[in-house]
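Asker: Take the sequence shown: its letter number 38 is residue 38 in our numbering, and every next letter is one higher.
Warning: the hint list may mix true and false statements.
[Said to hold, decoys possible] Straight-line distance between alpha carbons at most 20 Å, and here's what the computed EDC-like set of lysine to aspartate or glutamate pairs gives:
id, residue 1, residue 2
1, Lys-40, Asp-64
2, Lys-75, Glu-39
3, Lys-75, Asp-64
4, Lys-57, Glu-39
5, Lys-38, Glu-79
6, Lys-38, Glu-49
7, Lys-38, Asp-64
8, Lys-38, Glu-76
9, Lys-38, Glu-73
10, Lys-75, Glu-49
11, Lys-57, Glu-73
12, Lys-57, Glu-79
13, Lys-57, Glu-43
The set of hints was computed from the structure by calculation and includes no laboratory data. Fair warning: this is a prediction, and the values are worked out from it, not measured in the lab.
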Amino acid sequence: MVEQSEETRGGTATIERTEVRENIEAGDHERFAHYVRKEKIMESALSGEPVIALCGKVWTPGRDPQKFPVCPECKEIYESLMG
Numbered sequence: 001m002v003e004q005s006e007e008t009r010g011g012t013a014t015i016e017r018t019e020v021r022e023n024i025e026a027g028d029h030e031r032f033a034h035y036v037r038k039e040k041i042m043e044s045a046l047s048g049e050p051v052i053a054l055c056g057k058v059w060t061p062g063r064d065p066q067k068f069p070v071c072p073e074c075k076e077i078y079e080s081l082m083g
């Protein structure tokens, strides 16, 4: 008689997979993380006033910019300013 291990008996196994989903609001796929001077973001956080990005976009920051791709226009302008 040949003994078979658990792996070769033809049993089944369950593989658990953890799925991570981010809450993305409607229209977020069109959004970018824009370049703005740090002090302007701090002022906006305190006053609620909108900021102006390098590309000209005007908005009141409120979301985590790391959840969005960098605005290509802001990036290009920033890189040209930095030489």
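Asker: Confirm or reject each hint.
Answerer: Do the hints match the structure? See the list:
1. Lys-40 to Asp-64: With Cα atoms ~16 Å apart, Lys-40 and Asp-64 stay inside 20 Å; holds.
2. Lys-75 to Glu-39: 19 Å, holds
3. Lys-75 to Asp-64: Distance of about 18 Å is within 20 Å: holds.
4. Lys-57 to Glu-39: 17 Å, holds
5. Lys-38 to Glu-79: 17 Å, holds
6. Lys-38 to Glu-49: Roughly 14 Å separates the two Cα atoms, so the pair holds.
7. Lys-38 to Asp-64: 14 Å, holds
8. Lys-38 to Glu-76: 18 Å, holds
9. Lys-38 to Glu-73: Distance ~18 Å between Lys-38 and Glu-73 Cα, so the pair holds.
10. Lys-75 to Glu-49: 23 Å, violated
11. Lys-57 to Glu-73: 10 Å, holds
12. Lys-57 to Glu-79: Judged against 20 Å, a Cα distance of about 18 Å means the pair holds.
13. Lys-57 to Glu-43: 17 Å, holds
The structure does not agree with numbered hint 10 stated previously, though it agrees with all others.
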